[in-house]
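Assemble the complex: chain L is given as a structure, and chain P must be docked to it using the hints.
As they're listed, the protein sequences go chains L and P.
Numbering follows the numbering used here, in which position 24 of the first sequence is assigned residue number 24; successive positions increment by one, without gaps.
Numbering follows the numbering used here, in which position 93 of the second sequence is assigned residue number 93; successive positions increment by one, without gaps.
A few of these clues could be false.
[As the list claims (entries may be wrong)] Short, incomplete list of chain L residues facing chain P, as computed with Cβ under 10 angstroms:
#, residue
1, L39
2, V43
3, E44
4, K45
5, G46
6, V47
7, A50
8, D51
9, P52
10, F58
11, E71
12, G85
13, I97
14, S100
15, E101
[Said to hold, decoys possible] Straight-line C-alpha distance at most 30 angstroms; calculated BS3-like pairs for lysine-lysine:
#, chain 1, residue 1, chain 2, residue 2
16, P, K14, P, K24
17, P, K24, L, K77
18, P, K15, P, K77
19, P, K14, P, K77
20, L, K77, L, K24
21, P, K24, L, K15
22, P, K14, P, K45
23, P, K45, L, K77
24, P, K45, P, K24
Source of the hints: derived by calculation from the structure; they are not laboratory data.
A virtual CB, placed ideally from N, CA and C, is assigned to each residue, including glycine.
Protein chains: 2
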Amino acid sequence: MIKVSVLYPNEEGKKFDMDYYTGKHMPLVHSRMDSMGLLRTEVEKGVSGADPSAPAPFVAIGVLYFNTVEEVHEAFKTHGREVMGDIPNYTDISPQIQISEIV
Amino acid sequence: MIKVSVLYPNEEGKKFDMDYYTGKHMPLVHSRMDSMGLLRTEVEKGVSGADPSAPAPFVAIGVLYFNTVEEVHEAFKTHGREVMGDIPNYTDISPQIQISEIV
Chain L
1 MIKVSVLYPN
11 EEGKKFDMDY
21 YTGKHMPLVH
31 SRMDSMGLLR
41 TEVEKGVSGA
51 DPSAPAPFVA
61 IGVLYFNTVE
71 EVHEAFKTHG
81 REVMGDIPNY
91 TDISPQIQIS
101 EIV
Chain P
1 MIKVSVLYPN
11 EEGKKFDMDY
21 YTGKHMPLVH
31 SRMDSMGLLR
41 TEVEKGVSGA
51 DPSAPAPFVA
61 IGVLYFNTVE
71 EVHEAFKTHG
81 REVMGDIPNY
91 TDISPQIQIS
101 EIV
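Pulled out of the complex, with its shape left as it was, chain L reads as follows (with noise of 0.2 angstroms):
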């Protein structure tokens, strides 16, 4: 299973729409990517790092779960573009991007 995560890093100043984020910009990855392998997505709002008083490191992950790295790289290849070009419309932090594989 490979996991894609969206990391949103909490720099001081920046904003984030998390209402656009879950209402239009993940049905926009679903309509576009669901053909193309993506199984499911998740949407983490950061609360707090270890100590419950610090600042969590990232303002908010979104996760998309495909079977293979093939599929990925297929559905970015085909849709990143306009995916990624929604991104202004919610936030402006530049999000760091992680594909994993679950051991």
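Below, chain P alone, put in the same frame as chain L:
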């Protein structure tokens, strides 16, 4: 649902023993925290960034699921020192810790 992510940044010249991590460390986490509300764990091995030729931002990510933030704090207050004390046995990377709510 609460997700605790322990993220190990992919830093030049650092070591990470995945066999120890999956075979010894995660079983230790389960043996101490299952009775304190730990529902399940997931281990991710970094494959790449968005670009298949770019290195993964994180060499590994460990994920712990709980029902509530209070359970997380109680579990780490009780067993955090022992569990974190095991880290030098598999890596010299200082992990980032993120507590998130799944929305």
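Next item on the list: Taking the numbered hints from earlier one at a time, note which ones the structure violates and give those numbers from smallest to largest.
Entry: Hints 1, 11, 12, 17 and 21 not satisfied by this model.
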